[in-house]
Each structure stands twice: as C-alpha cells, then as structure tokens.
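K.L.:
Sequence:
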Amino acid sequence: MKTYSDFIDRVLRAEGRFRKLIPTEPLDYDLLLQLRAADDATLSDQRAIGKPAMFTLVRGGLFYALDAIDEAHKIFQDSPGDLGSYWHGMMHRREGDFDNARYWFRRAGKLPIFDELHRTACEHSADMARQDTWDPYLFTGECEQARFGAEESLKELADLQRVEFEGLFDYCWRQSELK
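Sequential numbering from 0 applies to the sequence shown in the working numbering.
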C-alpha cells in the first residue's frame, strides 16, 4: 500500500474498508471523529498544499473510505470539475442511487486516471479486462445487479471498488501538489 501521512495511512488501513458496496453506517466511529476534527496540516503531515481545492477531494475521499457517505456527499457536491463529479458519482453508487451515479459519471467524462484504473482492474475482473478502458457504467451496472440479487460477484465488486478508490485517491493526492 502507498503511504501518504500518518493519519491518512491509519484511515486507509481501517479493517473492513470497502467490503460493503452500499454501507449503511460509518466503518469506524473513532476514526471518523478524528477525521472530523483533523485540519489539513494533520492530514498532510504539515506539508504545504499547492492546490487546496484538490486537497478537499482528498478529505472527501477519507470520509468515503470510512463509509461516512453523507459527509463525503457534502464535500463532493460542492467540488467543481470533472474529479468532483466523478467522486460524486462514486458516492451515489454507494448510496444505491445508480441512475444518479451514472448522471455524475456522464458529467465527469473520461478522466486521465482511467487507463491506470483499467490496468489494475483487469487483475480482478474478467469483465473489466474485456473493456478498452475503465468503465464506470459497467461497474455501476454490476453493483446494481448485485444489490438486486446477483451476489456471486460481491468479492470481485468489492475489489473493484477498492481499486477505483485507491487510484482516484492517489491521483487527487498527487494533484494536490504537496510540498
């Protein structure tokens, strides 16, 4: 696993992360309380943040990782641009609001991170391996099928959910231009 900061690394090592496609409660209340109280300096290990708007997506991603979907939603809905729209779509998918997720993925369009996501996703999914690039619509459709009974693919979908998160989170971290 990549490392970011002491605090972020603790969040990203939280037991049970991304096992639920549609979480109904936060994963770890203690970490969630700490995240709510943490300032950007704590999250970045005191590094200067070159692009604060991008770092806001990092914070939102941490709420997302802890299954604090409502708090992630507040951040993502106020984040302009393609990356904010994509995170917003991911968040709606985890709420089980699949049509709204697709809407936000359409707004986001194809992101620079898609080819990297696809390479990693191919290691976990034959369906993704048959695609030319990362396909958030295919993944959303598979999550929707799992919610309504096609449970045989839950582990694969949880793995893809983790791959998507880790790729996007790392991309936003790098784009934050920490110094």
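It is worth saying that the hints were derived from the structure and are not from the lab.
Any given hint could be a false lead.
As the list claims (entries may be wrong) - Calculated pairs, DSBU-like style, for lysine-lysine (alpha carbon to alpha carbon, straight line, at most 30 angstroms): (1) K50 <-> K1; (2) K178 <-> K19; (3) K1 <-> K73; (4) K178 <-> K109.
K.L.:
Hints first: check each against the structure and report whether it holds.
P.N.:
Comparing the hints with the structure gives:
1. K50 <-> K1: Given pair K50, K1 holds - Cα atoms ~21 angstroms apart, limit 30 angstroms.
2. K178 <-> K19: Between K178 and K19 the Cα gap is close to 35 angstroms, so the pair fails against 30 angstroms, i.e. violated.
3. K1 <-> K73: Holds. K1 to K73 sits at ~27 angstroms (cutoff 30 angstroms).
4. K178 <-> K109: holds, 28 angstroms
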